[in-house]
Amino acid sequence: MIVEIVSPEATLFKGEVTSVAVPGVNGEFQMLNNHAPIVSLLAKGNVKIVGSGLKIAKEFAAKFNKINEQTYWLPINSGTVEMNDNKIIVLAD
149 MIVEIVSPEA TLFKGEVTSV AVPGVNGEFQ MLNNHAPIVS LLAKGNVKIV GSGLKIAKEF
209 AAKFNKINEQ TYWLPINSGT VEMNDNKIIV LAD
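Using the working numbering, read the sequence shown as starting at 149 and increasing by one per residue.
What the hints contain is simulated information worked out from the structure, not anything from laboratory work. Keep in mind the model is a prediction, meaning the values are calculated, not measured. Hints may contain errors.
[To be verified] Pairwise CB distance ranges, derived in the manner of DEER restraints: (1) Lys214 / Pro185: 28 to 34 Å; (2) Pro185 / Lys162: 29 to 35 Å; (3) Lys235 / Leu189: 14 to 20 Å; (4) Leu180 / Thr228: 25 to 31 Å; (5) Ala184 / Ala209: 18 to 24 Å.
[Unchecked claim] Derived BS3-like pairs: lysine-lysine, alpha-carbon spacing no greater than 25 Å straight-line: (6) Lys235 / Lys211; (7) Lys214 / Lys203; (8) Lys214 / Lys192; (9) Lys196 / Lys162; (10) Lys235 / Lys203.
Note that the Cβ used here is the ideal one computed from N, Cα and C, for glycine as well.
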């Protein structure tokens, strides 16, 4: 599935992933391939992306925490997430 993480400044990440976990206002939840459509508000926490061969642009690498070769966390204060047709868009602040 494709995930796009967008901040007010720029698109921080766009690429193929195997899972995305986000800090929903009612708790963290994870989205996998072919997840049902969803729109949710996000709370302060970490957006966790997992996939093989993830490429974080050099100009945004400092915003992400690298856990291992396949897992990155992006700390956010708030935002929204939409999953539809195997594409996830995270609007993060």
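Hints and how they fare:
1. The hinted window of 28 to 34 Å between Lys214 and Pro185 holds, with their beta carbons roughly 30 Å apart.
2. Taking the beta carbon of each, Pro185 and Lys162 are about 20 Å apart, not inside 29 to 35 Å as hinted.
3. For the hinted restraint 14 to 20 Å between Lys235 and Leu189, the CB-CB distance of approximately 19 Å keeps it satisfied.
4. About 19 Å separates the C-beta atoms of Leu180 and Thr228, a value inconsistent with the hinted range of 25 to 31 Å.
5. Under the hint 18 to 24 Å, the C-beta atoms of Ala184 and Ala209, about 32 Å apart, miss the expected range.
6. Between the alpha carbons of Lys235 and Lys211 the distance comes to roughly 22 Å, so the proposed pair stays at or under 25 Å and holds.
7. At most 25 Å may separate the alpha-carbon atoms for a hinted pair to count; Lys214 and Lys203 meet this at roughly 11 Å.
8. For the suggested pair Lys214 and Lys192, the alpha carbons sit about 19 Å apart, so the restraint of at most 25 Å is met.
9. Only pairs whose Cα atoms come within 25 Å are accepted, and Lys196 paired with Lys162 is accepted, the gap being roughly 13 Å.
10. The hinted pair formed by Lys235 and Lys203 meets the criterion: a straight-line CA distance of about 17 Å does not exceed 25 Å.
Checked against the numbered hints given earlier, this structure breaks hints 2, 4 and 5; the rest are met.
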